[in-house]
Amino acid sequence: MTSRSSGTDMIAELVLATFFGLLLLGIHRKIIARIQRRPGPPIWQEILHMLKFSFKTTWIPKTASPVLFVGVVLIAIGIWTAAFYILVSGGSLLVILGIYMLHKIVEHGFGLSSGSPYGKYGGVRSVISAASEIPLFVTVAVIAVYTHSLDLSAIMQYQQVHGPLLIIAFPAACAMFLVILSKMPFGPFSIVEAKELVSGYKTEHFGIWRAGLEICNGLKTYVLLAVFLAVFIGPLSLPWLLVGMILLIVILAFACAVTPMMSPFDSVTIQMLVTALMLVYAAIILMVVHP
Amino acid sequence: MINLIGGVPLYVLEFGDELVYLTPYTITLFLLALTFTVLVLISRPEKQVDIAFGGDAYRTKEISVSEMRFRRFMAIACGLATMGAMVTGDIFNFTLFTAMVGITNVGIVAAVKSPHVQDAAYQYGLVSLSATIPLFGGAAVYAATTGSLSMIELMKGTLPAVPLIAKGMLMLGVIGEGMAPFYAAKAEMFRAPGAPYVIMCSLSSLLIFLRVVEVVMLG
Numbered sequence: 226m227t228s229r230s231s232g233t234d235m236i237a238e239l240v241l242a243t244f245f246g247l248l249l250l251g252i253h254r255k256i257i258a259r260i261q262r263r264p265g266p267p268i269w270q271e272i273l274h275m276l277k278f279s280f281k282t283t284w285i286p287k288t289a290s291p292v293l294f295v296g297v298v299l300i301a302i303g304i305w306t307a308a309f310y311i312l313v314s315g316g317s318l319l320v321i322l323g324i325y326m327l328h329k330i331v332e333h334g335f336g337l338s339s340g341s342p343y344g345k346y347g348g349v350r351s352v353i354s355a356a357s358e359i360p361l362f363v364t365v366a367v368i369a370v371y372t373h374s375l376d377l378s379a380i381m382q383y384q385q386v387h388g389p390l391l392i393i394a395f396p397a398a399c400a401m402f403l404v405i406l407s408k409m410p411f412g413p414f415s416i417v418e419a420k421e422l423v424s425g426y427k428t429e430h431f432g433i434w435r436a437g438l439e440i441c442n443g444l445k446t447y448v449l450l451a452v453f454l455a456v457f458i459g460p461l462s463l464p465w466l467l468v469g470m471i472l473l474i475v476i477l478a479f480a481c482a483v484t485p486m487m488s489p490f491d492s493v494t495i496q497m498l499v500t501a502l503m504l505v506y507a508a509i510i511l512m513v514v515h516p
Numbered sequence: 008m009i010n011l012i013g014g015v016p017l018y019v020l021e022f023g024d025e026l027v028y029l030t031p032y033t034i035t036l037f038l039l040a041l042t043f044t045v046l047v048l049i050s051r052p053e054k055q056v057d058i059a060f061g062g063d064a065y066r067t068k069e070i071s072v073s074e075m076r077f078r079r080f081m082a083i084a085c086g087l088a089t090m091g092a093m094v095t096g097d098i099f100n101f102t103l104f105t106a107m108v109g110i111t112n113v114g115i116v117a118a119v120k121s122p123h124v125q126d127a128a129y130q131y132g133l134v135s136l137s138a139t140i141p142l143f144g145g146a147a148v149y150a151a152t153t154g155s156l157s158m159i160e161l162m163k164g165t166l167p168a169v170p171l172i173a174k175g176m177l178m179l180g181v182i183g184e185g186m187a188p189f190y191a192a193k194a195e196m197f198r199a200p201g202a203p204y205v206i207m208c209s210l211s212s213l214l215i216f217l218r219v220v221e222v223v224m225l226g
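Residue numbers (this note's numbering), protein chains in the order written: chain Z, 226 to 516; chain Y, 8 to 226.
Chain Z with its partners taken away, still in its complex shape (with noise of 0.2 Å):
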């Protein structure tokens, strides 16, 4: 009875943290709208727009490979349901990151497994913004020099005894927030989802397959900002937490705002950029906190 209890609870809470992700994505699109002086849509059209998908006709292209065009849907439902669990039991923080790198594969998937051209390079550039993934890190190596563990549960104990590692190691909470910048929809390193591109490497995924690109990305949202506040404020309660992560994306809505989309070459390089400082950094501090 405890377990089937617990279950059900554990599936409640993956439902909301979808739903409050995909609520957030939509306070980043109407802050960036009234930034930029449109109405925008509502807040809450990123759930409108999942659950219109998930009654909509589904079909798989012609041209596509099948298997890995339906395959890669559950894998980024699923690499993103095991982040949010790791998240919640203070898991290894290695394990998030590695499935945040592994997002890039998933893209990459998507992209090139319907055939279309505009996918294949939405792909490709997936792949070549792979340089927005080594800050992370970097910013992971300098969190193990101050707290031994990568636990976060063990990350927000030390944070309790000497504080924030916003202000001890704010480089690389700087690192970090690019990197989810770098993640963020209508950003200056938003070039997987261009224009130019349609949709980037989504645009042949329409209907239920649709819908659950946008449960990944609620979840995705929701578990990135979470992990962003465990590594850099330490444990909050429910309400400060979900009060932090709406601070947090007005923030990087107004980065978004007010930032143009690089083309590929400056956004690779700008990001080749930060690695290179952040990698000084790290060295910096390992010579001088652990020596």
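Since the hints were derived computationally from the structure, they do not count as laboratory data.
Be a bit skeptical, because a hint or two may be false.
Stated by the list, open to error - Footprint (simulated), chain Z over chain Y, 3 or more residues, beta carbon under 8 Å:
{"no.": "1", "region": "93–106"}
{"no.": "2", "region": "110–119"}
{"no.": "3", "region": "146–156"}
{"no.": "4", "region": "160–170"}
Stated by the list, open to error - Quick list of the computed label-pair ranges, beta carbon to beta carbon:
{"no.": "5", "chain 1": "Y", "residue 1": "171", "chain 2": "Z", "residue 2": "291", "range": "33 to 41 Å"}
{"no.": "6", "chain 1": "Z", "residue 1": "287", "chain 2": "Y", "residue 2": "121", "range": "16 to 24 Å"}
{"no.": "7", "chain 1": "Z", "residue 1": "232", "chain 2": "Y", "residue 2": "122", "range": "42 to 50 Å"}
{"no.": "8", "chain 1": "Y", "residue 1": "167", "chain 2": "Z", "residue 2": "279", "range": "37 to 45 Å"}
{"no.": "9", "chain 1": "Z", "residue 1": "238", "chain 2": "Y", "residue 2": "121", "range": "42 to 50 Å"}
{"no.": "10", "chain 1": "Z", "residue 1": "385", "chain 2": "Y", "residue 2": "121", "range": "51 to 59 Å"}
As the list claims (entries may be wrong) - In silico BS3-like cross-links for lysine-lysine, where the CA-CA straight-line distance does not exceed 25 Å:
{"no.": "11", "chain 1": "Z", "residue 1": "287", "chain 2": "Z", "residue 2": "255"}
{"no.": "12", "chain 1": "Y", "residue 1": "120", "chain 2": "Z", "residue 2": "281"}
{"no.": "13", "chain 1": "Y", "residue 1": "68", "chain 2": "Y", "residue 2": "120"}
{"no.": "14", "chain 1": "Z", "residue 1": "287", "chain 2": "Z", "residue 2": "277"}
{"no.": "15", "chain 1": "Y", "residue 1": "174", "chain 2": "Z", "residue 2": "287"}
{"no.": "16", "chain 1": "Y", "residue 1": "54", "chain 2": "Y", "residue 2": "120"}
{"no.": "17", "chain 1": "Z", "residue 1": "287", "chain 2": "Y", "residue 2": "163"}
The beta-carbon is built from N, C-alpha and C at its ideal position, and this holds for glycine as well.
Start from chain Z and add chain Y according to the hints.
Just chain Y now, kept in the frame of chain Z:
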């Protein structure tokens, strides 16, 4: 400095000096490699559509059965090498699996009859070949300084500390197999049709990179 990066080892299978060990981290990576290898086994390639820009013309690329069989074989070999790299507890074996991933990645696209893809595969092959020098060199420095290549022994913290240069060489070797900034030629390889096979090229590099992050934090 940090023990049990990938979590508590759940299972250790020893073959003399060789060993396989599973932690929550390596199991996750292994399962992902397994999932995509199964996808390669059961998927048929897509028919990639090419548009002639400036007009309405388009055509679909077909993959011949013989080409598909060869590429599928190479993709499965790549998946097996990746799975090996995920669960091995021996640094030398890890480097061998990594080098094998580099070779199979070239094989996955080598049969594609496109000059762009062939050029990219050739350039990637040169980079990954060069990367094997720091890769095996790093493993050699591990053995020379600690007297062991066992990750379990390194994890115990009883061996001499691994010099930073060895970790750097190992990391450089893995990055050379297809991570930023040495991945430009590899990105061009993804123009090739056959999504289920091509995807193994990026997945294998990514998983090996994720594993080496754990490896360099040991000892």
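Going down the list of hints, with the structure as the test:
1. Counting residues of the region 93–106 of chain Y whose beta carbon lies closer than 8 Å to any beta carbon of chain Z gives 0, which falls short of the minimum of three for the stated coverage.
2. Look at the region 110–119 of chain Y against chain Z: 0 of its residues bring a Cβ nearer than 8 Å to a Cβ of that chain, fewer than three, so the hint is violated.
3. A count of 0 residues in the region 146–156 of chain Y with a Cβ less than 8 Å from any Cβ of chain Z is obtained; the coverage claim is therefore unmet, three being the minimum.
4. As drawn, the region 160–170 of chain Y meets chain Z at 0 residues by the rule of a beta-carbon pair under 8 Å; below three, the given contact is violated.
5. Under the hint 33 to 41 Å, the C-beta atoms of residue 171/Y and residue 291/Z, about 48 Å apart, miss the expected range.
6. Our hint of 16 to 24 Å for residue 287/Z and residue 121/Y holds, since their Cβ atoms are close to 22 Å apart.
7. Taking the beta carbon of each, residue 232/Z and residue 122/Y are about 55 Å apart, not inside 42 to 50 Å as hinted.
8. Our hint of 37 to 45 Å for residue 167/Y and residue 279/Z is violated, since their Cβ atoms are close to 58 Å apart.
9. Our hint of 42 to 50 Å for residue 238/Z and residue 121/Y holds, since their Cβ atoms are close to 48 Å apart.
10. Checking the proposed 51 to 59 Å range against residue 385/Z and residue 121/Y shows it holds: the Cβ atoms sit about 57 Å from each other.
11. With a C-alpha separation of about 36 Å, the suggested pair residue 287/Z and residue 255/Z falls outside the 25 Å cut-off, and the hint is violated.
12. About 39 Å separates the Cα atoms of residue 120/Y and residue 281/Z, which puts this hinted pair outside 25 Å; it is violated.
13. Restraint check for residue 68/Y and residue 120/Y: the C-alpha separation of about 11 Å stays at or below 25 Å, so the hint holds.
14. For the suggested pair residue 287/Z and residue 277/Z, the alpha carbons sit about 23 Å apart, so the restraint of at most 25 Å is met.
15. At most 25 Å may separate the alpha-carbon atoms for a hinted pair to count; residue 174/Y and residue 287/Z exceed this at roughly 48 Å.
16. Pair hint residue 54/Y plus residue 120/Y holds up; C-alpha atoms about 15 Å apart against a cutoff of 25 Å.
17. Among the hinted pairs, residue 287/Z with residue 163/Y is inconsistent with the structure: their alpha-carbon atoms are about 55 Å apart, more than 25 Å.
The structure shown violates the earlier hints numbered 1, 2, 3, 4, 5, 7, 8, 11, 12, 15, 17.
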